[in-house]
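**Student:** From first to last, the protein sequence lines are chains A and B. Numbering follows my numbering, with no gaps: position 325 of the first sequence is 325. Numbering follows my numbering, with no gaps: position 391 of the second sequence is 1391.
Simulated from the structure, these hints should not be mistaken for lab results. In this text, a Cβ means the ideal position worked out from N, Cα and C, and glycines have one as well. Don't take each hint at face value.
What the hints assert, rightly or not - In the DSS-like style, the derived pairs of lysine-lysine whose C-alpha atoms are separated by at most 27 Å in a straight line are: (1) B:1353 with A:353; (2) B:1235 with A:364; (3) A:145 with A:12; (4) B:1235 with A:353; (5) A:235 with B:1353; (6) B:1386 with A:279; (7) A:235 with B:1278.
To be verified - Residues of chain A placed beyond 10 Å of chain B at every Cβ, according to the derived structure: (8) 16; (9) 75; (10) 141; (11) 190; (12) 215; (13) 237; (14) 244; (15) 267; (16) 297.
Claimed, not checked - Computed list of chain B residues with no C-beta within reach of chain A, every gap over 12 Å: (17) 1060; (18) 1190; (19) 1241; (20) 1404.
2 protein chains.
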Amino acid sequence: MPSPGSYIAAHKERFVQELLQLLRLPSISADPAFSQDVLETAGAVAQALIHAGCDNVEVCDTEGYPIVYGEKILDPELPTVLVYGHYDVQPPDPVDLWDSPPFEPVIRETELHPEGAIYARGASDDKGQFYMHVKALEYMIRENKLPCNVKFMVEGEEEVGSVSLEEFLKANRDRLSNDIILISDTGMIARDIPSITTGLRGLSYVEVEVTGPNRDLHSGLYGGAVANPINVLAKMIASLHDENNRITIPGFYDKVVELSREERELMAEAPFDLEAYKKALDIDAVHGEAGYVTNERNAIRPTLDVNGIWGGYTGEGAKTVIPSKAYAKISMRLVPNQDWREIMDVFTAHFEKIAPPGVRVSVKPHHGGQAYVTPIDHIGYQAASKAYEETFGKTPVPQRGGGSIPIVTLFEQELESKIILMGFGLDSDAIHSPNEHFGIWNYLKGIETIPYFYRYFTEMSRG
Amino acid sequence: MPSPGSYIAAHKERFVQELLQLLRLPSISADPAFSQDVLETAGAVAQALIHAGCDNVEVCDTEGYPIVYGEKILDPELPTVLVYGHYDVQPPDPVDLWDSPPFEPVIRETELHPEGAIYARGASDDKGQFYMHVKALEYMIRENKLPCNVKFMVEGEEEVGSVSLEEFLKANRDRLSNDIILISDTGMIARDIPSITTGLRGLSYVEVEVTGPNRDLHSGLYGGAVANPINVLAKMIASLHDENNRITIPGFYDKVVELSREERELMAEAPFDLEAYKKALDIDAVHGEAGYVTNERNAIRPTLDVNGIWGGYTGEGAKTVIPSKAYAKISMRLVPNQDWREIMDVFTAHFEKIAPPGVRVSVKPHHGGQAYVTPIDHIGYQAASKAYEETFGKTPVPQRGGGSIPIVTLFEQELESKIILMGFGLDSDAIHSPNEHFGIWNYLKGIETIPYFYRYFTEMSRG
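Isolated chain A (complex conformation) (with noise of 0.2 Å):
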């Protein structure tokens, strides 16, 4: 077919502007003092899948943010797509470490990002990579090029969980279906090695409070003499890695899927260097599990990691307070084969149990989802792949991403059917972080490359 790319040439700074005026939107999910942002934002969406010739768009209404729906089917017997996306977008925090207002998007010029940067909170994570799939669809409806059925599925509760989702998959299944599901939330390797992800890591996220007196206390008259909840949360904490840093909770591997030589060998191959690495973060040395290099570690090794802590006076000054409790965020990477709620459970049942006496502890589950793996001779997959050699001149490496969808294997469940992570996002995108950016280039390769795997996915599916 004749290449997307002239018509991506001659609207690509309409394409730019809209997602600007989508990113203005202060869609943070973890925070109700945003609420009516994130409405604002769903009825945006709408509006963006009607103009890209959606038909039936709906904001389906669910117990928490609206799902936002749209469809365009050319004829039942053709196949299906499912794109996914997320409208909601992480907490800007800590906001002083923005070189712009997170909300405010602007286009910086970088030596990575030489045709410019969009830096906004969700550039990347992920409104900037579901709009390329709008765009996308954008393209094939005006130019004809649409070879088959299109479904669109836009959440906004991704970044807390996905809670409303898997009622909404179970009760609009027939609506749902589809032959493949595609989904622009991952990274790639580097602008000239593209990278399809093929795993991803589960997550078990946990908030744990340390209780001991019953009310705060003067350290000079108390201290010494009973339990501190920080001191006993941190102790409580350092327990949980060995010397090794390996997870000294008891059958926390137990389920654990050890790569072959060979795997891992392979995924060797994939380019890192560990001094660039360690210069991007400014720090003087890595650090994980023993045995295992930082691409594993952060890939196909479950992790703990704290998220976030909190007690006792924390405000200008000195305060010399022993606090009655002292709280911890707590989330757990997972692989393949661990079950995400029974990690939750022998975490829960550890951490109470090693509690010392003067204190109790209390641990309250937050979300969860399941690791996942994509089989790469899956026809999703193989159409995927021939869609990055037209873009980019090569064949994409399949990668395991660290990162949790939880609802991926959500997907799997309820849809049956199998999930194609197209992400066009580079790690240097910084989400979750201050200065979260997409590289424009990396926008409009993604509007561009979207539409061969429409392409060659109809064609596979036919024969």
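Position chain B against the provided structure of chain A, taking the given hints into account.
**Tutor:** Leaving out everything else, chain B in the frame of chain A:
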């Protein structure tokens, strides 16, 4: 002399109302947002001294908050008592745990305080306790019972380390010259067990910062591959105590004076009910250094407590982040012969030394003070002891206090006189905690007892 009781009986309503007025001023020295209130409080204290009959009252400027001075000089040949107090208070947070607003004092009757207790931040520490001295002076002047000279020095930075006091003392040695320094900023064992604090613990207060990657990272993409500053900080804090809850910092115990078996046996005579202690704090067990009992752990042994910790995402919901930084406020309580500056140095050296690869650590000294001991054969102690005998009908118990009043050692060094700590508060006053309060009985008993101290101290000074 005729008892001050009748004067107190005639004026106690006013004495209470005047204190409530003072407690309505939120003089939080740790928080710059309240600077105007702190200054206003200094003015109110000056007015109170003038009303009580002080001459030459002055609100003395310093680099920080002012020090209020006032005096009543009868005759240079007579002994001079210098009264010290502080008009600043601790921050009230967590405010939501207060049963009534911290700066809207209310009087509530309790089992322990059938005559009522005043609930407000600063009620006991130290507005209520220094104001006893103002009212005792009013009585002595009005009733012509002042036997000696008196000077008042009331500062506004005690809760933030008395940062301006040393310079003020150096600059005002003559004006502040005295024969004994009298302070009520401590407690007594119980209403029916008067006690005089003969020892105080010192303090070294630091703030630590652990920096990992140069920005917050997505825990999926980087989790397991880089050092997480929160996990590292937890491990570092945990390592500061060994399995016997002894502090592991090299050199920390070098100068600690071990008490004799005899002294410890004397201390053990002070009544203590461990079950009641645990019940009052709602804890199932006490916790502390092996080989010492609770009353020793919080008085004659040095300690290390984390007073505050924060890092990562602490808002609502879940954020899967590896933060760039984690922080903690850490204070060490010290005992006689430990030097707070040396302890700060050994802490800093040790904490920097144990930082693992992959993070950078910085230690910021906050403030500190030396431990102190009052000899019980000093005439100041003897005079105070006789004063308690007059009003309580029994000899007070000499007691080691766990808290720190850093300025006590500063006074001894700069003004070359001894300090008598006549405290009328109770451990249950919840100073530095929500629902701080001060018994009206304690308040009036203090006002009644103080004039006897002046009488006996003047008599004993004569020889």
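**Student:** Flag every earlier hint the structure violates by its number, smallest first.
**Tutor:** When the structure is compared with the hints, numbers 1, 6, 12, 13, 16, 19 and 20 turn out to be violated.
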